[in-house]
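> The primary structure of each chain is shown beneath.
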Amino acid sequence: MDFSRDMALIKPELWLTGLAIIVLLLELIIKKKEVIAFLGIIAIAVTAFIVLNVAPGLAFKEMYISDGYSMFFKFIFFISSILTILLSMRYLRNENVHYGEYYSLLLFSVLGMSFMASSNDLILLYLGTELMALSIYVLTGFKRYDARSNEAALKYFLLGAFSSALLLYGISYIYLLTGTTNLREIAERLISESSEPVLMIALLFLASAFAFKIAAVPFHMWSPDVYEGAPTPITAFMSVGPKAAGFAVIGRVFIIALGSIAVDWKTVLMVLSVLTMIVGNVLAISQTNIKRMLAYSSIAHSGYALLGIIAGTPEGIRSTMLYLFIYAFMNIGAFAIVTILGREGELISDYEGLGKIEPLWAAIMLIFMFSLTGIPPTAGFVGKFYLFMSVINAGYTGLAILAVIMSAVSAYFYLRVVMLMYMKEPSRTISVSPNLPEALAVTITTGLVLLMGVSPYYFIEFAKVSMSL
Amino acid sequence: MAYPVLSTVIFLPVVGALILLLMGRRQELAIKWFSLIFTVLTFVVSLPLFLNFDKTRSDMQFVEVFEWIPAWNIKYYLGVDGISVLFVLLSALLGPLCVLISWHSIKDKIKEFYIALLLIEAAMIGVFSALDFFLFYVFWEAMLIPMYLIIGVWGGPRRIYSAIKFFLYTLAGSVLMLVGIIVLYFNGGHTFDILSLMSQKFPYKLQLILFWAFFAAFAVKVPMWPVHTWLPDAHTEAPTAGSVILAGILIKMGAYGFLRFSLPLFPDATKAMAPVMLTLSIIAIIYGGLICLVQSDLKRLIAYSSVSHMGFVTLGIFALNQQGLEGGILQMINHGIVTGALFLLVGVIYDRSHSREISHYGGVATVLPVYAGFFMVFTLASIGLPGLNGFIGEFLIILGGFKASRLAGALAATGIIIGAAYMLWLYQRVFFEEVNPHIKGYKDMDLREIITLAPLVVLVVWIGVYPNTFLSFMHESVKQLVIKLQ
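These protein sequence lines are chains X and Y, in that order.
Residue numbers are given in the numbering used here: position 244 of the first sequence equals residue 226, and the series is strictly consecutive.
Heads up, the numbering used here is the position in the second sequence plus 192, with the first residue counted as 1.
Note that these hints are calculated values from the structure, not bench results.
Please read all numbers here as calculations on a predicted model, not as lab measurements.
Please note: incorrect hints may appear among the correct ones.
Each computed DSBU-like pair below joins lysine-lysine, with the alpha-carbon atoms no more than 30 Å apart [stated by the list, open to error]:
hint	chain 1	residue 1	chain 2	residue 2
1	Y	Lys267	X	Lys338
2	Y	Lys267	X	Lys446
3	X	Lys406	Y	Lys303
4	Y	Lys676	Y	Lys397
5	Y	Lys301	X	Lys338
6	Y	Lys224	X	Lys406
Work out the full structure, taking the sequences as your base and the hints as a guide.
So, in structure tokens, the structure goes:
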């Protein structure tokens, strides 16, 4: 219980806090914002390096846990934030909102997510969630001269506050029943309390709050508006980082703390997952704005990712983790193209004839679209395959059948982008000139989507090792 | 064997596609020559499969195994037996022909077209040689991407509708098979190894469920009635090379799937469901044939004739006896050659006239005599004239069909008569009668076009006169299959 050991365990978060503050302060001195962005990347890289060297264990009276599970999720956060920073610089400059706070806010949201992934206590979980959410509310409204961005931020904030209240309410009910907020202790004390009505209420509140974070239907209403209004790199980030953080806490809270009522929460999650897959995919079909389309697609992908948690087995959790990891690359990759096109690529119809004007970017977009559909040999297929495998092994074949049919439905709207790019004549000329960081982000995401599609072996092992720590 | 034949045949086109990717967009001639060289090279390296295949064995040959994803027990596992070897060869043969026929007809996005063509060839050959379910599924699905683009980008006026229809139909069928594959994995001792799964016996109920899951994928691909409606659209709108690949190889993958997976993996369910399959086959034969009689569009007519011909193939397969199965396999090859050739021929005239309407033509035999000669050979092969390849296949199938059910055999024979009716009537309307003013002054086939079609004429006669060259490949493997079905 000694203090220095506890401090050693949370070293990554301490470093990240310090570095984020330094970035915030340096912003006052350094006029060239690209330097700040670069420092942001360094800060994440340093934190990532420290995470690799932290021993597993519990700290601060078991509030904080460092294990392979949290490490895996933290890497998803780190990777998605680095890719986001790479995509942000030119975009913010073009939108005339290139301020340094952007990068420190991003770092703070990553810090919040890290705490979420590492929380072994509902209070820390709540704090992490709030830190993440508050930073992202601001980032959503970062285009301060744009009414849509303001609207999105306000909407997100109001609904987010509502979901925080639900979360707190759920936590308080749990505390009422068990007298503790520690996940492990909750699990021990709940064994005798199974199926108490109050527990069901608590479960519903917690599930609703988490469903809001991962944008699962029927708590998805905010996401299309917010995704559309937010700066595109932040949309990319939101669709991956906070979503993964939401899954990290769902996994930990439901499987560890509420393990004794697994039957009940599996039913709840199953309903959420089914609705999410159906509504997300069906509504995506009729969208005309690419960011809204990707928002609905992102909702649908939450539905798929829930499958692994519903399976409830270690294999299932691993498949959700691997899926989120793969999803990070393919979704940010797709958003990278949207970002690079900037104002030229807001509507889906803007992609008409892109295959002729910009063959390279069109080809890369094609890869991401097929990966999101889940067609081999891309990473998206491997991720879905693993999910289906785990959910079928757990005995939910019907759910898997629904999921595959919904993937077939999703082919329609993903392929529409491909169709417009390659099968229509360009109606205008645009010039696309990505800068070096953007090109780097696209190279990384494309490379990994193809690499994980062709030889997923190492990534599966990575997820496996993380779970067994 | 000095080199891993199957891997070379699969990855040579991929390497070609990668090199094309790096070539300049404007070097059109270089791109074409390069694709031609690579497809010819692929065919040449596939020849050991023909020459060194041991026809006395029924097991897998030219086997290559490597660990791929050990965590899920997935292997990179290739091999061919008497059932699949001919399809690998046919795919490799059609590759260069598709390049040749597209030489002048593809004018837009040339580089992308040949990349797609090379990738599709690789995936097709992969499908026929994969012995691991995961690998098989990867090839099976990966093929959809280039095919979707080939139809949608370089196709006819209704190409976009046809491309998405093709994609959604096949994807919807395939994903159900994917669930089936995973269920099989967990019930078969956590393996995707097709051969080891084949050596197991599954409970009847499971067999039945899986049979239908696989049926969803294969029936759409074949295509069997009533899920055939994507085919006329896709065939009609695709560019010539696309139609040739669709007719020649792609739709064979469905029938191959039945042969390779459904029959040996679920023998009891297959036997129980054979009457249903025979009925569907008969409906396809008759219905497809009747539809052909009312078509006014050349390509659409040939497309519907594919539905009818593939009905024969599935009839042969689900007759579940030696003659029927061998006839089915041979008829798949025949249909690939003949219908592939007919689409090539339609492409030849379409390049000149840009019309697919039958009424646009008439008296073509007067203006393009060489062309008329070629068309005659394949028309006769298609209706099964003795001495040409179609006869052998259909004869064996009807023989097998009679053994399985007299009614099925009789109805199938009626289908042949309908086939003769629509093909000969088509020939009469296009090639005889008065010369249509539209087609005056058209040039006859040039050397490139003759070179494209000549190998297929040779094959049509070869199989028709001495089918044993090809039947001998499959005797042993089919014998094993029939024993398994007893």
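> It remains to establish, for every hint, whether it holds in the given structure.
Status of the hints after comparison with the structure:
| no. | hint | verdict |
| --- | --- | --- |
| 1 | Lys267(Y) - Lys338(X) | violated (39 Å) |
| 2 | Lys267(Y) - Lys446(X) | holds (19 Å) |
| 3 | Lys406(X) - Lys303(Y) | holds (17 Å) |
| 4 | Lys676(Y) - Lys397(Y) | holds (18 Å) |
| 5 | Lys301(Y) - Lys338(X) | holds (8 Å) |
| 6 | Lys224(Y) - Lys406(X) | holds (24 Å) |
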